[in-house]
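**Q** Protein sequences, first through last, are from chains A and B.
Under my numbering, the residues of the first sequence are numbered 60 to 258, in order.
Under my numbering, the residues of the second sequence are numbered 60 to 258, in order.
Be a bit skeptical, because a hint or two may be false.
Note that identical chains are pooled: a pair holds if it fits in a single copy or bridges any two copies.
[To be verified] Calculated lysine-lysine pairs in the DSBU-like style (CA-CA distance at most 35 Å, straight line):
hint, residue 1, residue 2
1, 178, 61
2, 227, 202
3, 147, 178
4, 147, 161
5, 161, 202
6, 61, 161
7, 227, 61
8, 227, 178
Since the hints were made in silico from the structure, they are not lab data.
Owing to the predicted nature of the structure, the values given are computational and were not obtained by experimental measurement.
Here is what each chain is made of, one letter per residue.
Number of protein chains: 2
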Amino acid sequence: MKIGTHSFEEYLDRVQAFHGSVAPGMLAGGIMVTIARERLPEGEIFDVISESGHCLPDAVQLLTPCTIGNGWLRIVNTGRYALILYNKYTGFGVRVYLDAQKLAGFPAVRGWFLRELPKPEQDLDAIVQEFRSAGPDIFGVQKVRVKPEHIQGLKKVHAAIAICPVCKEAYTSDLGDTCPACRGTAPFLVVQDGGAAGS
Amino acid sequence: MKIGTHSFEEYLDRVQAFHGSVAPGMLAGGIMVTIARERLPEGEIFDVISESGHCLPDAVQLLTPCTIGNGWLRIVNTGRYALILYNKYTGFGVRVYLDAQKLAGFPAVRGWFLRELPKPEQDLDAIVQEFRSAGPDIFGVQKVRVKPEHIQGLKKVHAAIAICPVCKEAYTSDLGDTCPACRGTAPFLVVQDGGAAGS
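If we strip away everything but chain A, and leave its shape as in the complex, we get (with noise of 0.2 Å):
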């Protein structure tokens, strides 16, 4: 089975490498960008959707070229295992799951994708073996067409910037008179100003 234009053992050292471990949803996310890019038709310009912000991702940023900071990548949680690839102006395009009805025939990729065992009791060897010998049987396929306000190429119109009057950093001016963080959506609070940088 080959990964995107890898094979499986070359996919596996890019995820280490990237993700930082082989993690179970490294392998259902290979393999299901697989599965959707020899759907799509021949050369077409696509960006991605994820359904969840675990794994998936990582999966697209190693396998396309879209990533979460060009824009061509963004996570719309569902709470689904799924991924969308879409003609970035049209919205057509491919949507492919991780099926729950199709896993009696494995239990430990079961065990881990509805979390029926906790982590330490999963045994990693035996979920990557079944997702090498599962390959795209376990996973479903529809066509779809992305709504036209998640379609990325239909709104290239970026606000202005404007200095937040508090914090007097520049922010994008249709989040509000002030920066939202100054309205209290900071994650963080300040424990000292170091000023400059290069000082």
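Mind docking chain B on chain A? Use the hints.
**A** What follows is chain B alone, placed relative to chain A:
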């Protein structure tokens, strides 16, 4: 100037390969990650918060072990151009931001950062040269403490997985009695249910 362990040129090559283009935000992000890491205690095990989803997450993913998919990098959008690297258990860390008050001598960076110039009029070569000569001088640094509710290391209990009674897919049960997608938040419409991926 080094970006992480890379020469400036090596970093540009890596940016091109991962991010798809040498975007100004990737230069800012590379310098910001470098400033923050130099200020963390040697050997610190850190997580990262990016206050913007544009470019910065990719600089983090290129230069640190922290990725979106492994959960060590998260985006908390405050609209500002800032990164926080922090001890994953105590929350103490370093925040680095691009300081709009320090851009007087850097018109190309200013034109990009404050969106004073439309993209076609921005001079990428000039922006690169200005970032290179400015180095850390145009950034601000703060010692911060990330709020407990944003510290990933403190919350390791995963919700149980349930089968959604509507779509029959597995989802994280803490999100409700059906998956959020089946309550109307799905970012797509199904055009054709393709069934098994293996067929």
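**Q** Run every hint past the structure and note whether it holds.
**A** Status of each hint after checking the structure:
| no. | hint | result |
| --- | --- | --- |
| 1 | 178 to 61 | within (27 Å within a copy, 39 Å between copies) |
| 2 | 227 to 202 | between (47 Å within a copy, 17 Å between copies) |
| 3 | 147 to 178 | between (37 Å within a copy, 21 Å between copies) |
| 4 | 147 to 161 | within (31 Å within a copy, 37 Å between copies) |
| 5 | 161 to 202 | within (19 Å within a copy, 50 Å between copies) |
| 6 | 61 to 161 | within (21 Å within a copy, 50 Å between copies) |
| 7 | 227 to 61 | between (51 Å within a copy, 29 Å between copies) |
| 8 | 227 to 178 | between (46 Å within a copy, 24 Å between copies) |
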